[in-house]
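**Student:** Okay, here's what each chain looks like letter by letter:
Number of protein chains: 4
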Amino acid sequence: MTKIRTPIIIVNCKTYSEATGKKAIELAKVAENVSLETEVCIGLASQFVDIAPIAHTVSIPIFAQHIDPVKTGSSTGHVLAESVKEAGAVGTLINHSERQLKLVDIEAAIARARETGLVSVVCANNTVVSAAVAALKPDMIAVEPPELIGTGIPVSKAKPEVITGAIELVKRINPDVVVLCGAGITKGEDVAAALKLGTEGVLVASGIVKAKNPYKVLLEFAEAITKA
Amino acid sequence: MTKIRTPIIIVNCKTYSEATGKKAIELAKVAENVSLETEVCIGLASQFVDIAPIAHTVSIPIFAQHIDPVKTGSSTGHVLAESVKEAGAVGTLINHSERQLKLVDIEAAIARARETGLVSVVCANNTVVSAAVAALKPDMIAVEPPELIGTGIPVSKAKPEVITGAIELVKRINPDVVVLCGAGITKGEDVAAALKLGTEGVLVASGIVKAKNPYKVLLEFAEAITKA
Amino acid sequence: MTKIRTPIIIVNCKTYSEATGKKAIELAKVAENVSLETEVCIGLASQFVDIAPIAHTVSIPIFAQHIDPVKTGSSTGHVLAESVKEAGAVGTLINHSERQLKLVDIEAAIARARETGLVSVVCANNTVVSAAVAALKPDMIAVEPPELIGTGIPVSKAKPEVITGAIELVKRINPDVVVLCGAGITKGEDVAAALKLGTEGVLVASGIVKAKNPYKVLLEFAEAITKA
Amino acid sequence: MTKIRTPIIIVNCKTYSEATGKKAIELAKVAENVSLETEVCIGLASQFVDIAPIAHTVSIPIFAQHIDPVKTGSSTGHVLAESVKEAGAVGTLINHSERQLKLVDIEAAIARARETGLVSVVCANNTVVSAAVAALKPDMIAVEPPELIGTGIPVSKAKPEVITGAIELVKRINPDVVVLCGAGITKGEDVAAALKLGTEGVLVASGIVKAKNPYKVLLEFAEAITKA
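Protein chains in written order, with the numbering used here: chain C, 214 to 441; chain E, 214 to 441; chain Y, 214 to 441; chain H, 214 to 441.
Don't read these hints as lab results, they were simulated from the structure.
Each hint should be verified, as a subset may be incorrect.
Since copy identity is lost for identical chains, a pair holds within one copy or between any two.
Derived PhoX-like pairs (lysine-lysine); straight-line CA-CA distance at most 20 Å [claimed, not checked]:
(1) Lys-235 to Lys-384
(2) Lys-235 to Lys-284
(3) Lys-440 to Lys-370
(4) Lys-370 to Lys-284
(5) Lys-384 to Lys-409
(6) Lys-284 to Lys-236
(7) Lys-425 to Lys-242
(8) Lys-400 to Lys-423
(9) Lys-423 to Lys-284
(10) Lys-429 to Lys-400
(11) Lys-350 to Lys-315
Please take these sequences and the hints and turn them into a complete structure.
**Tutor:** As structure tokens, this is what we get:
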């Protein structure tokens, strides 16, 4: 059940107080319950310090929110792919709009993920950048126009052409890459719209983490996938 | 025993394979044993993902290797002071020479540590920078000339004037700051020399982590303190 | 007349279209005229590419807006102190809130300015950071709370305690440093207030560059100094 | 003659003392002479402060070594495309290995160059990164394995597969992009080898700037192109 399958919902905990420490574990249990009920793959991208306790508690795929393009050795304060893996993560976000990297470091971080068996989910802000990322051969690309993040205006409805355009460019360069979309997704219908556009899942944060009832909204998301 | 006392030895795990995951826990146990035997305060600055498992296992002070100057909220991939605290750390390194920060971010990170009850240990590369850091009111400053890091040439012997100069400038600006020193420390006599220069402890990495017998070397370090 | 004297008004061109290329030269001539009329020292911090043409045309002190802490050699795309000097600048801003540097790079940039005979004007966002900068021994510190930049709300009136607090801390650490203030300064009375608080001048941008009549406003600023 | 044609030789002045200020103008004159004699297009990527004086003196294409992805306004210390253009440059390097950018900033800088009519020459360190850059639609890509920069070991001979691989990937993604190569090029035969591999020119720095007789070596380079 920690295996990653598509379509996938990845819940990004960011540094939200509602998704830190014990609360992150509670959220992971909610995600696990919805995943068990619906058989939809639901991953959680937790803060670094929460990876081990969460991975210990639940059987859903846990992602780091970032890794650094460093190797074992003298990299104080950096996030080593091997450590993230040993702590129990199965994948990692890379280049989230809140944690952007230099181009060469994205390439190196993808390589480090590949070497250590972590699934790489690289974020891109628009179609052209998505195409560039595709050339770097990540496992997944999450297309997220940053101007929509946290707005509740779903990218799948407000800017469908960004998603379809990204998919077209990405698939031409690298047909193996899984494309997700994110930003502003708060309802099941947003998820359904995202799948209809050709994505294989969503990256969501406040839509779940800040929901009054995360279980209910996540269930709605998952059912949008099972019905698709 | 998780309380921080001076003189203190802080062992920096960096991203060394010898101090990652299970091996980091082993190293923490070694540190705990030496601390119990000698009653010298020994802290461990572990990788982020290892903080919780280590803090769960041992009763020595655990430090993060870095925190970001962010608050709870939308800071994907960043290290939140509150999370580090909840995971079990009692302090954090800031501005290690391998993870340097902008001046304003050092100030903000110190403030975040203060707000969350984490002991801040800010690294500085020379006397003048140590003085600047002192003005920012951290709890501790670790003076580490980067050109000596990992060399086995102890700063306390090779550049004693950097240490004494830093202590003099630091104390004039802020007499409450604890000054540690680091870089190249591999023997008990290097620790003794550091204390003689007026520091209240050492920050050490490869000297312990890469030692054939970390227990033996750490014991030598601790005994240099008890004999001082 | 290219010598720097205090009190001083430094006009920061930023990347404003009103202060780029030919328009920057026009602005420099305005500054020169006001300086000649009032005998107040007025400097101009221009974009890098405009330094040489401006320095060729007028006899007021020209500053770079930034230098990198690099030496001659392989630093493509960086700003070398020697080049800035040879182009005709007599000083440089360092660590402006729009171009912040790591702590060690501020120290290194100040050292590079000193070595090449450039006057260093280091920006600081608050009292504590001003104190830290003072320990690095720049020639001048410009205290600029970033939240007031471009607002027209003068720091000298809205937050006088930031300025007086900065001066007190700075002078205790390093009595030789000249303290300027900036942010929100648009009138002669703001300049007068700044001097009354103990500063030796102002760093101003939009207040002059975006003024309908830069000559008139700059004259008002200069007269506030001559009357002080 | 300031028009850019291919094949092209671009000489990168870096921050070499031999290519700063008056010496940069001398080098530009040498480049102009060789260009006039051989009718080969030779560009010079000078330091920012030297662009205007050089562009005033010679009629060869001048490049900036970097631009920032900023617009006119409040970007103190940054390099504005419009300013570089007005100073007389016709193009700019972007993402040189000594001045690397975040992925989104490379895209934004290319867009700024396009908007202002500057030819964008984006540097890439290997084949995969070259492919990613191609998706961002720059005018030219300079493939430069950083481990060969300044070594005198020409990429066109030591790692021909990096160049041919880059050309193949780049052309598949974007057939309009001009591919140059760089790193370690010191002789006419290295230039000939580069053209034979399918590049349309070279980016060179120390091979010309640090040559005992830059005129002679540059002539050798240009003749390798005319004979190709």
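**Student:** Give the relationship of Lys-350 and Lys-315 under a CA distance limit of 20 Å: within one copy only, between copies only, both, or neither.
**Tutor:** both (16 Å within a copy, 18 Å between copies)
**Student:** Could you figure out if Lys-370 and Lys-284 sit no more than 20 Å apart (CA to CA) within one copy, between two copies, both or neither?
**Tutor:** For Lys-370 and Lys-284, neither the intra-copy (41 Å) nor the inter-copy (30 Å) Cα distance is at most 20 Å.
**Student:** I want to check one pair: Lys-425 and Lys-242. Are their C-alpha atoms no more than 20 Å apart within a copy, between two copies, both, or neither?
**Tutor:** Within one copy only: 16 Å inside, 42 Å across.
**Student:** How would you label the pair Lys-429, Lys-400 (within, between, both, or neither) given a Cα cut-off of 20 Å?
**Tutor:** Only inside one copy: Lys-429 and Lys-400 sit 10 Å apart there, 57 Å across copies, limit 20 Å.
**Student:** From the Cα coordinates, with 20 Å as the cut-off, is the pair Lys-384 and Lys-409 best called within, between, both, or neither?
**Tutor:** within (16 Å within a copy, 32 Å between copies)
**Student:** With identical chains treated as interchangeable, where does the CA-CA distance between Lys-235 and Lys-384 reach 20 Å or less: within a copy, between copies, both, or neither?
**Tutor:** Close neither inside one copy (40 Å) nor across copies (41 Å); limit 20 Å.
**Student:** Given identical chains, is Lys-400 near Lys-423, meaning Cα to Cα at most 20 Å, within a copy, between copies, both, or neither?
**Tutor:** This pair counts as within: shortest intra-copy Cα distance 13 Å, inter-copy 46 Å.
**Student:** Up to 20 Å between alpha-carbons, please classify Lys-440 paired with Lys-370: within, between, both or neither.
**Tutor:** Intra 19 Å, inter 57 Å, cutoff 20 Å: intra-copy only.
**Student:** Quick one: Lys-284 to Lys-236, C-alpha cut-off 20 Å, is that within a copy, between copies, both, or neither?
**Tutor:** between (31 Å within a copy, 17 Å between copies)
**Student:** If the cut is 20 Å between Cα atoms, do Lys-235 and Lys-284 qualify within a copy, between copies, both or neither?
**Tutor:** between (30 Å within a copy, 18 Å between copies)
**Student:** Classify it for me, Lys-423 with Lys-284: is the Cα-Cα distance of at most 20 Å met within a copy, between copies, both or neither?
**Tutor:** between (35 Å within a copy, 16 Å between copies)
The structure is inconsistent with the numbered hints 1 and 4, although it conforms to all the rest.
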